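Asker: Residue numbers (the working numbering), protein chains in the order written: chain A, 46 to 306; chain B, 46 to 306.
Derived by calculation from the structure, the hints in this document are not laboratory data.
Please note: incorrect hints may appear among the correct ones.
The list cannot tell twin chains apart, which means a pair is met if one copy fits it or any two copies do.
[Claimed, not checked] Each computed EDC-like pair below joins lysine to aspartate or glutamate, with the alpha-carbon atoms no more than 20 Å apart: (1) Lys122 - Asp302; (2) Lys100 - Asp302; (3) Lys193 - Glu106; (4) Lys195 - Asp109; (5) Lys112 - Asp196; (6) Lys195 - Glu117.
Bear in mind the structure is a predicted one, so any value in this text is a computation, not a measurement.
Protein chains: 2
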Amino acid sequence: MTWKQNETEIRQRIKEGQYDGPTTGLMNGFTQANLVILPQNLAYDFLLFCQRNPKPCPLLEVIDTGKYEPKETAPGKDLRTDLPRYYIYRDGVKSAEVTDINKYWTQDLVSFLLGCSFTFESFFLQRGVPVRHIEEGVNVPMYRTNIKCKDAGVFHGNMVVSMRPIPENKLTEAIQITSRFPAVHGAPIHIGSPEKIGIKDLDSPDFGNRVNVESGEIPVFWACGVTPQAVIMNYRPEFVITHAPGHMFITDKKDMDYFQL
Amino acid sequence: MTWKQNETEIRQRIKEGQYDGPTTGLMNGFTQANLVILPQNLAYDFLLFCQRNPKPCPLLEVIDTGKYEPKETAPGKDLRTDLPRYYIYRDGVKSAEVTDINKYWTQDLVSFLLGCSFTFESFFLQRGVPVRHIEEGVNVPMYRTNIKCKDAGVFHGNMVVSMRPIPENKLTEAIQITSRFPAVHGAPIHIGSPEKIGIKDLDSPDFGNRVNVESGEIPVFWACGVTPQAVIMNYRPEFVITHAPGHMFITDKKDMDYFQL
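Only chain A is shown next, with the shape it has when bound in the complex (with noise of 0.2 Å):
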């Protein structure tokens, strides 16, 4: 048994640093969440975004201001250290990325955890429905869109989507399981012609990494977790924490936690 079948040690060895890598494949089962820490004075604006566009931004948790351990999705555990890599935002830039971010913690920080795709991919796999990128070893293919957010005060921007290929007899199965996920992105926003949405060349991601479209595919786009990070980032806001992308909080919580009933 290596240490990567030890949830024990996974968590230790990403708290101590000594595991900085990507979360994928870890501790199947397990809800992984996107993390977005703001300066409170963008919390309100940050929070009705949220609750104005669920699609893109599913929130899991929001933690006490100065607070970091998410007493909801994993207690005990704590959001300074718990992921494994993250990066520190000044005015909009990326200014440093760590492993641990307790020197830049502050009593006014608000963080938030936000739902992941990964969450309705492990039960695509479980009903035969493939995941081209898991099965390529890449990261999934995401775009800008021209499908405009609902404005929250001084956040806006155009929703970014992640694209899977769906075989044409694997489609209903697709959209009836990601229905059932409203609380990780939920079902697809466009199914078909990437040029409906404004994408201009599927093999072109703006984040990720392209996969191959087989011939009777259809291209089909979920709202994505990166949404929220753009807007925060077209505003530029003094200071923001956020996971390196593909380097998740893994939460206590069960994938199956967030089926809807």
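Chain A is already provided as a structure; the job is to place chain B on it using the hints.
Answerer: Chain B alone, transformed into the frame defined by chain A:
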């Protein structure tokens, strides 16, 4: 045709204060909403309270600070005049009951619209699930419980629930229907013994009216939109406006818009 069959006339009469009665049975199929208006300095805590307690506090829309047009749920309407009756609270005590709130309006007010169980009751009727308080022509019975809501900032308190007696052979449908409406309180929070959730006497509701529970019927409890009002009053804020109970805001949305597909 009376004016109660004419949507335009209903809205006009409410706006002009000519009709100041309850909205039950008016404009069937249109979604009715609870209204809470708070000063900006309490808006973050209240928004967070709703995020953490979506069953009692299902947000349909949060209006921009100082604005009174619900752009999302009722474009062109005016929350200062378009409800039949409002309560004004000062220091947690009701100080006035009015049919428009123009003279109370200030630029720092934030309006919250929350879902209401009228929405799922119309589907109960369509599927033959009895709604006792409608049959008896009274208000739904509501009870304070021992179920603690999750705290958020200055707001804390216990959940208020509504009760509907459901025949055993309709219980499955009642649960299925409300499970499909998470935006209007969703599935029951308790089925059966009232004492398990701190209710001493079903015949003495804390709000609304008692109804008959007949032989072969089970009391079923849903999170109730009175919860946020009770929680706000616990804190006794300097100033709050709400709709008068039963005198709801009629949105332009249809009940089916809130069906979780």
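Asker: Are the hints correct? Go through all of them and say.
Answerer: Consistency of the hints with the structure:
Taking the shortest Cα distances, Lys122 and Asp302 sit within 20 Å of each other inside one copy (19 Å), while across copies they are farther apart (38 Å). Proximity of Lys100 and Asp302 under a CA criterion of 20 Å is satisfied in both settings, with 18 Å inside one chain copy and 16 Å between copies. Taking the shortest Cα distances, Lys193 and Glu106 sit within 20 Å of each other only across copies (18 Å), while inside one copy they are farther apart (24 Å). Proximity of Lys195 to Asp109 under the C-alpha cut-off of 20 Å is restricted to the inter-copy arrangement: shortest distance 12 Å between copies versus 25 Å within a copy.
Taking identical chains as interchangeable, the C-alpha atoms of Lys112 and Asp196 lie at most 20 Å apart only when they sit on different chains, with a minimum of 14 Å there against 27 Å within one chain. Taking the shortest alpha-carbon separations for Lys195 and Glu117, only the inter-copy value of 10 Å comes in at or below 20 Å, while the best intra-copy value is 27 Å.
The structure agrees with every numbered hint stated previously.
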